[in-house]
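**Student:** Make the full structure from the sequences, and use the hints.
Protein chains in written order, with this note's numbering: chain U, 1 to 597; chain F, 1001 to 1597.
In case anyone wonders, no lab produced these hints; they're calculated from the structure.
These figures come from a predicted structure and were not determined experimentally.
Just so it is clear, CB atoms sit at the ideal spot from N, CA and C, and this is done for glycine as well.
Part of the chain U face toward chain F, derived, beta carbon under 8 Å:
(1) Ala22
(2) Met166
(3) Val179
(4) Gly572
(5) Arg573
With a straight-line Cα cutoff of 25 Å, these simulated SDA-like cross-link-like pairs (lysine to any residue) come out:
(6) Lys387/U x Ser273/U
(7) Lys316/U x Gln392/U
(8) Lys1064/F x Asp504/U
(9) Lys465/U x Tyr1002/F
Protein chains: 2
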Amino acid sequence: MYRTHTCGELTIANVGQEVTLAGWLQRSRDLGGMTFIDLRDRYGITQLAFNMETNADLCEQARKLGREYVIQASGTVIERSSKNSKIPTGDIEIEVHHIRILNEAQTPPFTIEDNSDGGDDLRMRYRYLDIRRNPVRRNLELRHKMAMQVRNYLSNQNFLEVETPMLIKSTPEGARDFVVPSRMNPGEFYALPQSPQQYKQLLMVAGIDRYFQIVRCFRDEDLRADRQPEFTQIDCEMSFVEQEDVLNTFEGLILHLFQELKGLGIGQFHYNSQFCQTHGQMLPRITWHDAMRLYGSDKPDVRFDMQFVELNDVVKNHGFALFDNAELVVGICAKGCAEYTRKQLDALTDFVKRPQVGAGGMVYVKYNADGTFKSSVDKFYTADDLKAIAQQFNANPGDLMLILCGPAMRTRTQLCALRLEMADQLNLRNPNQYAPLWVVDFPLLEWDDETQRFYAMHHPFTAPKPEDEALLDQPERWGDIRANAYDMVINGVEAGGGSIRIHDRTLQNKMFHTLGFTDETAYAQFGFLMDAFTYGAPPHAGLAFGFDRLCSLFGGVETIRDFIAFPKNNSGRDVMSGSPSPISNDQLDELQIVLKK
Amino acid sequence: MYRTHTCGELTIANVGQEVTLAGWLQRSRDLGGMTFIDLRDRYGITQLAFNMETNADLCEQARKLGREYVIQASGTVIERSSKNSKIPTGDIEIEVHHIRILNEAQTPPFTIEDNSDGGDDLRMRYRYLDIRRNPVRRNLELRHKMAMQVRNYLSNQNFLEVETPMLIKSTPEGARDFVVPSRMNPGEFYALPQSPQQYKQLLMVAGIDRYFQIVRCFRDEDLRADRQPEFTQIDCEMSFVEQEDVLNTFEGLILHLFQELKGLGIGQFHYNSQFCQTHGQMLPRITWHDAMRLYGSDKPDVRFDMQFVELNDVVKNHGFALFDNAELVVGICAKGCAEYTRKQLDALTDFVKRPQVGAGGMVYVKYNADGTFKSSVDKFYTADDLKAIAQQFNANPGDLMLILCGPAMRTRTQLCALRLEMADQLNLRNPNQYAPLWVVDFPLLEWDDETQRFYAMHHPFTAPKPEDEALLDQPERWGDIRANAYDMVINGVEAGGGSIRIHDRTLQNKMFHTLGFTDETAYAQFGFLMDAFTYGAPPHAGLAFGFDRLCSLFGGVETIRDFIAFPKNNSGRDVMSGSPSPISNDQLDELQIVLKK
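**Tutor:** Below you can see the structure in the form of structure tokens.
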């Protein structure tokens, strides 16, 4: 027995008890007559007291202990003279009778404090020290709690967690697979799953009508910031359900998580004043079309206003060619920003002209506090014209209107970037306020200019809305077909998404043809699923949440890396263990593969 | 809404209700005036009734439905005239008003019944149909329940589930790794984890003092029967603990599982009469040495007797050279088997002479019911001699003694095989009786004749017993060093195992040298763990349970494959999806690898 208590549990109620604690030396203070040591474990910090007068040997011994030494201390719990109200154990300390060094420690390369002096790279190299810090440990605790809540909630709803294989068949469609050479079947490879999509659909054919799994998935992509080659999904599928059943089930899950982990009920979310707020016990929904029209994004952040206002009606035919020739003129109104300086406005123009945003320029209209107007297009618009524009925006004196123009979809995307930038400048994106919603009615197909063909926006198994199904026979209307697909969006982030699946083989074949598969290529890739569908596939639907992302949203932190115990860097490398690494020639020989020179 | 109820929930209390069910057509019976359909879903079976007289059209329609069609049926719950007490819904049936075919089905290649006519291969190829069968579905349900119980139990004990990486560094020690070529780091490879051993030890260094994970692991081994290339482990690690703490914690888990999943308390296990049975609230323990001596196995099945009896004292020096020259003469006593025929005894001799067992022969001594003796060595032993042997066995009239001889360890292993064979013949291995126990004090090191060196029996991080630590300096005594290692054994199967880890770098280095590592080779493989240990590693210990195996034990079934949703065959192949499979040249090019011709 190394300890009788943890470092986080002793209080005034324990005074007088003989206890043994074990943990790491957080800091020590030598005050001459007394030496104090803060002993730390996962549960908290407890102060150890050593008295030079009563036990000089022990006190000397204590003074020699370095930071992060692992020690065991036995003594009596006593009341402190100067209490620390900031920690649960702050009323007591341990009058130590005996200490024992369990392990020595080198001085760590950065401080083990909430605000460490260690840079990102250093902390990743010594991740095992980084995790000793409260913020990182708390992230892992949150992740554990969320996983437990998810599992217990879904299990109580009759969902079965079924483990699907990690060594599966490689399919060229979609992102790039990680592959695993098979030694027993030379020249052949397994793939690591990008998701258990096909297996969960097979489980529906198998009659497991409510499936879930918190499951590792893999994507061999060039890593953008905050993407990981391996990530975790809450993967779900249900049979005998319509879209309404799925949305109800999984908003139930999300509401449960908000209640249990954040103490937030349905009435405590922060939707902007322009966004529908009253949905009873339901989360709000917005169609993909409206999301694009009003926020320029399929994952709108609706914590704050600045919904898009379309201006074609009021700005065209005033001799301003840029607007006259644009497919869409659209803007946002920044409340109370009429005082923005020339410099601030120039910076915003520069922002939208950055290659990542790609606008040609920005028009502003200031509705000054005194009721006058000032704009960058005064040459073309009279005060009355500007007033009409302001009315379109529902603007008040003191507001600032920012306007972009160009091809409709591209301009909306640009304005979305500007809207988020303004929200950041105005501190409207509080990570501790939440605005979850469903985006529904996604397009089924997405045109790709480069390859000149349509791709499945979601995946090839997503069902069109029944009322749009007939359009599959009209290739010129393919872009208009809506899918029974839905995303859960929280604070401008896609937390999860899914769809009703096609369970009918004829419709599935039609879909494959639409996506440019021949019967042969479709069968080569999805044959076993197509076969399965001939043996009695039930209507089914599913959804997956990004678990790392959900953790980071609930943690109020931007990066998912902070919620992964041992993440990889942007080159897919684990700098702590030095992986990936070369393997031996024997290993290569056994696998019957050769490296290219 | 596809259904108002499942097929398993309607009872006499629902009579009169209008309901809608959906499911698969299990069977239909055409009785002329009436047609009955058994509709099946995951939850049960409900009988649908169609009346030719009252609704001929609907009845005709129902008669056309084939096996495994997916159908939706609406109707009124009525009381059955002939009730079926075998199923929960057996008191009622549905008087159907409306049916709808949700999907047609080809006739399945085997019957979807508890006792299917499908062979193993066929059922694996159509695993999605196999899972529709009750026994397979129940196995997956048991697995889900066990995972939930494990997680909730450990979480309540302050264990954190932490996800460790799947793409890790390859280490040549131990079994063969599956490797994953890195496209972003050409020529380098990740490995899939054989276990998260190093990561869980790093988590201990990181201060996460109670870790667990239900985690997929991978081993590229030539597959023996009932081995899978990917398998699941309940992986655990704790800090600031001694062996006693670990054993207490995890026998708590196992006892919890027996209670919750099998309704078995500590007093309801089935230990043999020779085995210590009274341990209060604890599971019995046996040392590795005793397990080998008394059962010839480090995973003894103690549900039944036939403990080994050593006979050197009584059988030597009677002129029987085979016994006189043997290091060990050892036997078992089969109660009440004195009536075994010559043929049966010959079959047993053949059994022990099989190459898998490898004995040279078998000696028997019958203690006949009339008190006389008959043995295969009557030439060398008088009736009094044989009586002395019988006394050594504590045998009674009617018993049969079976005796092997040879080098001690090899003979024990052979006798273990004979003991299990006798138990099978005598039906002493009831899969619904359980005898869990701990095997402790394993040897630290194991001599390998082939490579002429010692290997770690457990792994290189396992700590020797402190009292045996000094023997590391005496190479001639290495075989005698005991480890602080322990296995949980249930019914002759290793359910889990673990050890106290070495947390001291000096001892770890000594251990590496003992295992033939140089400083360089040890550092190349385990450097980051060794580095971590210099920054304050706490004393720690851990254990892992084979989750697939634990499921099969609790399910009372021999093969783990039955508890894996989509298992692979003995060539590591998934015959359903056809994986592994060739990948495209583009994929190979991107990975910068070439296949050997």
